[in-house]
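Undergrad: Sequence:
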Amino acid sequence: MLMIMVPSFLLFVFLSAFLPGQKDNVLTKEEKKNGWKLLFDGKSLAGWRTYKNRTGSWQVTNGELVCPLGAKDYADLITVDQYDNFELALDWKIEKGSNSGIMYHVLETHDVPYATGPEYQLVDDNGYEGKLEEWQKSGSDYAMHAPSKLAAKPAGEYNHSKIIFNNGHVEHWLNGIKVADFTAWSPEWEELRAASKWKDYPDYGKSKTGYIAFQGDHRGGVAFKNIKIRKL
Numbered sequence: 011m012l013m014i015m016v017p018s019f020l021l022f023v024f025l026s027a028f029l030p031g032q033k034d035n036v037l038t039k040e041e042k043k044n045g046w047k048l049l050f051d052g053k054s055l056a057g058w059r060t061y062k063n064r065t066g067s068w069q070v071t072n073g074e075l076v077c078p079l080g081a082k083d084y085a086d087l088i089t090v091d092q093y094d095n096f097e098l099a100l101d102w103k104i105e106k107g108s109n110s111g112i113m114y115h116v117l118e119t120h121d122v123p124y125a126t127g128p129e130y131q132l133v134d135d136n137g138y139e140g141k142l143e144e145w146q147k148s149g150s151d152y153a154m155h156a157p158s159k160l161a162a163k164p165a166g167e168y169n170h171s172k173i174i175f176n177n178g179h180v181e182h183w184l185n186g187i188k189v190a191d192f193t194a195w196s197p198e199w200e201e202l203r204a205a206s207k208w209k210d211y212p213d214y215g216k217s218k219t220g221y222i223a224f225q226g227d228h229r230g231g232v233a234f235k236n237i238k239i240r241k242l
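Throughout, my numbering is defined as the position within the sequence shown, counted from one, plus 10.
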C-alpha cells in the first residue's frame, strides 16, 4: 500500500477550508454560559436609539452597524438599557481620516453625551488630519489617559476592543493588548480631570451607571460588529 505523508501545516490549511468558523454577531454556548449578552444582532437597530432621539444616519449594512461618511445627519447612538459594572467587547473599523469613540455611563442630561460619559477613543492614528495628542489616540481614555502602546490596525481593517469597568477599576484593551488601566474617582483621576478639558464639564465621569454610546457626530466613517456585554 502506498502511503502519502502530508505536512501538518498543509493538512491544517486543507481542513480549515471546510471547517465552519465563528460567525459574526452570535454568541457561543460558552459565552452564553458566562453571562454575555449580544447588543447587535447584525440585522437591525434593535436595542439602540439615537441620543435624545435625534435624527441620525446609523444603518445596518452587511452585518455591520455603520455610521457612513457623507451622511446627511450625524447623531450619537446609545443603548436602550443602562449599565453600571460591565465588560464590553466588540470589533470596529474606521475609515481614513475618521474619528469616533465608545462612551459609557452616559446620561441624557446634557446636549452631548461626552459631557457625562468617559470615552474610549477610536481614530485613524496615522491618517487623521492635524496633530493628535497621545491622549487622543486609539484606545486612550480620551483627554485623560494616553494608551500605553499604539495597537490599532490601519484604517479600513477591523480591530477588537474591550472595556472593563468594575467598581471604578477600568481597563482598555485593544487587539489583545491592555493599553489603559486606571481607577475612576481616585486622586490621580481627579487630578487629571482638573487639568483637562473636563474641568469645564462638572458632570463628566461622575455617574456610576448609564448608557453605552457610539460617537457618530465627527463626520461618521465608522463600523461595528460582534458587540457583546456582560454585567459584572
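Because the hints were derived from the structure by calculation, they are not lab data.
There may be inaccurate statements among the hints.
Unchecked claim - Below, a list of computed lysine to aspartate or glutamate pairs in the EDC-like style, where the Cα atoms sit at most 16 Å apart:
1. K216 / E139
2. K42 / E97
3. K106 / D83
4. K188 / E97
5. K218 / D83
6. K235 / D51
7. K62 / D121
8. K209 / D191
9. K209 / E198
10. K218 / E118
11. K47 / D94
12. K163 / D135
13. K159 / E144
14. K216 / E200
15. K241 / E118
16. K33 / D101
17. K218 / E97
18. K43 / D83
19. K235 / E74
20. K33 / E74
21. K163 / D101
22. K238 / E97
23. K47 / D91
24. K172 / E97
25. K238 / D34
26. K172 / D101
27. K62 / D83
28. K62 / E118
29. K218 / D94
30. K62 / D91
31. K172 / E41
32. K172 / E200
33. K159 / E118
34. K238 / D51
35. K238 / E41
36. K238 / E200
37. K238 / D91
38. K216 / E198
39. K159 / E139
40. K238 / E40
Undergrad: Does each hint fit the structure? Answer for all of them.
TA: We went through each hint and held it up to the structure:
{"no.": "1", "hint": "K216 / E139", "result": "32 Å, violated"}
{"no.": "2", "hint": "K42 / E97", "result": "14 Å, holds"}
{"no.": "3", "hint": "K106 / D83", "result": "20 Å, violated"}
{"no.": "4", "hint": "K188 / E97", "result": "14 Å, holds"}
{"no.": "5", "hint": "K218 / D83", "result": "30 Å, violated"}
{"no.": "6", "hint": "K235 / D51", "result": "9 Å, holds"}
{"no.": "7", "hint": "K62 / D121", "result": "8 Å, holds"}
{"no.": "8", "hint": "K209 / D191", "result": "21 Å, violated"}
{"no.": "9", "hint": "K209 / E198", "result": "14 Å, holds"}
{"no.": "10", "hint": "K218 / E118", "result": "14 Å, holds"}
{"no.": "11", "hint": "K47 / D94", "result": "15 Å, holds"}
{"no.": "12", "hint": "K163 / D135", "result": "9 Å, holds"}
{"no.": "13", "hint": "K159 / E144", "result": "10 Å, holds"}
{"no.": "14", "hint": "K216 / E200", "result": "11 Å, holds"}
{"no.": "15", "hint": "K241 / E118", "result": "22 Å, violated"}
{"no.": "16", "hint": "K33 / D101", "result": "13 Å, holds"}
{"no.": "17", "hint": "K218 / E97", "result": "14 Å, holds"}
{"no.": "18", "hint": "K43 / D83", "result": "39 Å, violated"}
{"no.": "19", "hint": "K235 / E74", "result": "5 Å, holds"}
{"no.": "20", "hint": "K33 / E74", "result": "13 Å, holds"}
{"no.": "21", "hint": "K163 / D101", "result": "12 Å, holds"}
{"no.": "22", "hint": "K238 / E97", "result": "8 Å, holds"}
{"no.": "23", "hint": "K47 / D91", "result": "12 Å, holds"}
{"no.": "24", "hint": "K172 / E97", "result": "7 Å, holds"}
{"no.": "25", "hint": "K238 / D34", "result": "11 Å, holds"}
{"no.": "26", "hint": "K172 / D101", "result": "9 Å, holds"}
{"no.": "27", "hint": "K62 / D83", "result": "14 Å, holds"}
{"no.": "28", "hint": "K62 / E118", "result": "7 Å, holds"}
{"no.": "29", "hint": "K218 / D94", "result": "6 Å, holds"}
{"no.": "30", "hint": "K62 / D91", "result": "14 Å, holds"}
{"no.": "31", "hint": "K172 / E41", "result": "15 Å, holds"}
{"no.": "32", "hint": "K172 / E200", "result": "24 Å, violated"}
{"no.": "33", "hint": "K159 / E118", "result": "33 Å, violated"}
{"no.": "34", "hint": "K238 / D51", "result": "10 Å, holds"}
{"no.": "35", "hint": "K238 / E41", "result": "9 Å, holds"}
{"no.": "36", "hint": "K238 / E200", "result": "30 Å, violated"}
{"no.": "37", "hint": "K238 / D91", "result": "13 Å, holds"}
{"no.": "38", "hint": "K216 / E198", "result": "15 Å, holds"}
{"no.": "39", "hint": "K159 / E139", "result": "21 Å, violated"}
{"no.": "40", "hint": "K238 / E40", "result": "13 Å, holds"}
Checked against the numbered hints given earlier, this structure breaks hints 1, 3, 5, 8, 15, 18, 32, 33, 36 and 39; the rest are met.
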